[in-house]
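> Start from the sequences and build out the full structure, keeping to the hints where you can.
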Amino acid sequence: MRLHPKDNVGLALTKIKENCSFENVVAQENIPAGHKIALVEIRKGEPVRKYNQTIGFASQTIQAGDHVHTHNIELRSFERLPETDLTNNNSANKTVSKSLCSGETATFKGYLRANGKVGTRNYVGILSTVNCSATVCQRIADNFKEDIMVTFPNADGVIALTHDSGCGMSIEGEGLALLQRVLTGYAEHPNFAGILIIGLGCEVNQVSALIKKIDPNEKHHLRTLVIQDNEGTRKTIEKGVTIVQKLLEGLKDLQRENVSAKHLCIGLECGGSDAYSGISANPALGAAADLVVEHGGTAILSETPEIYGAEHLLIQRAVTPEVGKKLMNLIHWWENYVEIHHGSLNNNPSPGNKAGGISTILEKSLGAVSKGGTSKLMDVINYAEPAKTKGLVFMDSPGYDPVSVTGQVASGANVVCFTTGRGSVFGCKPVPCLKLATNSPMFNRMDEDMDINCGEII
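If you count the sequence shown from 1, position 333 lands on 333 in the numbering used here, and the numbers rise without skipping.
It should be emphasised that the hints constitute simulated quantities derived from the structure, not laboratory data.
Hints are supplied without guarantee of correctness; some may be wrong.
Said to hold, decoys possible - Label pairs and their calculated CB-CB ranges:
id : residue 1 : residue 2 : range
1  : E335      : P32       : 30 to 40 Å
2  : E322      : R256      : 34 to 44 Å
3  : H342      : S170      : 18 to 28 Å
What the hints assert, rightly or not - Derived lysine-lysine pairs resembling BS3-like cross-links, with alpha carbons at most 27 Å apart:
id : residue 1 : residue 2
4  : K219      : K17
5  : K213      : K239
6  : K17       : K354
Please read all numbers here as calculations on a predicted model, not as lab measurements.
Ideal Cβ positions, reconstructed from N, Cα and C, are used throughout, including at glycine.
So this is what it looks like as structure tokens:
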């Protein structure tokens, strides 16, 4: 499959055997499914093009019919010209959904909270301020297994949210600020009908300091415990169980109701990507994200290292030059970061990505950004910063699924849509994590873990 007339490589939808011919091209070797085959001669140093974009440069002369992959593609710095045009926003948002034009409003059934936010789930969460209170949090949650939860049919469960930080850090450093941003985002998340925050007492990340950062309108469902103030571990667990029991009893009358789709905030994630990601699941998710945005909702794209080489496509859609510059500043930060640590952004494609046919970070990024659809880029935010702007928002994060999704949820995502080609089994309480398979063989092989088969698009 040639994805664009100007491409000089094609995508093997199935395994191509050596000497097989098509469109005047003869395969010089076996080409694995999902991998690239040269459609013309590509001389050493010339760009390798897919999606009508540069995904790398030939490290040697590549003959028509050759397998094109990591052995003959290299990454080098080059000018992505459109990235310098921060005012060219005319191409974004030219289409309007038929449903909006006809006056219809999309809805879903959610839990309307007192502050106007809407949850897609109904959990009680137990947050640890520090690693030292993590065991207590988990022991409290362990008291609410399935046999207990059947008596609370309107509750989705009790979950302990713990971490290995919270002390041994500067009280004025970015590390503490980031941790508190994440914990605050979870404490304020509409998928929690009740929150119990537990600290040890002597940690840097004090319960009292964290509470001050939480919106006063979000505190009605919060409870706190400090182990050193409650006579130790056992008694804190006992008190915690009693508190959670009361929080659960308060959920009995909560029911789902029809609410506007403007309350949807979807996290756009990919993991275990393959070469099909950029032509099936990611563009399909992008189309869905456009619909959510058109109905007044929010879509959060993230993983800054995984848009590297495709950032110009987002910058062209920035609603203002300032938004475009914010994204470029993030790109430059990551370039500087890997240089300081003697790394490379091209190290990002994992062994699984490469086995699936992805050769460079540029190729991976071009597929990844398609999850963002075609809507205008409305804002660029820091990791776990609240997504207050409706529309498509980019959140800075590492290129690592669990860290990225954690930040998306802290920013307000109440649904995560996760595309995968190799077969990720990542889940993320307190939000539903919908899995979109890029290819049918993996979907059929892992059907218990997948939700939607986008392989039917191919």
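> Now, for every hint given, state plainly whether the structure supports it.
Here's how the hints hold up against the structure:
For the pair E335 and P32, the beta carbons lie near 32 Å from each other, so the given range of 30 to 40 Å is met. One distance hint, 34 to 44 Å for the beta-carbon pair E322 and R256, holds here, with the actual separation near 39 Å. Between H342 and S170 the CB atoms are about 25 Å apart, so this pair conforms to the stated range of 18 to 28 Å. Distance restraint check for K219 and K17: the Cα-Cα separation of roughly 63 Å exceeds the 27 Å cut-off, and the hinted pair is therefore not satisfied.
Of the pairs offered as hints, the one joining K213 and K239 holds, with about 25 Å between alpha carbons and a cut-off of 27 Å not exceeded. Straight-line distance between C-alpha atoms of K17 and K354 comes to about 20 Å, which keeps the hinted pair within the 27 Å bound.
This entry does not satisfy hint 4, going by the numbered hints stated previously; all others are met.
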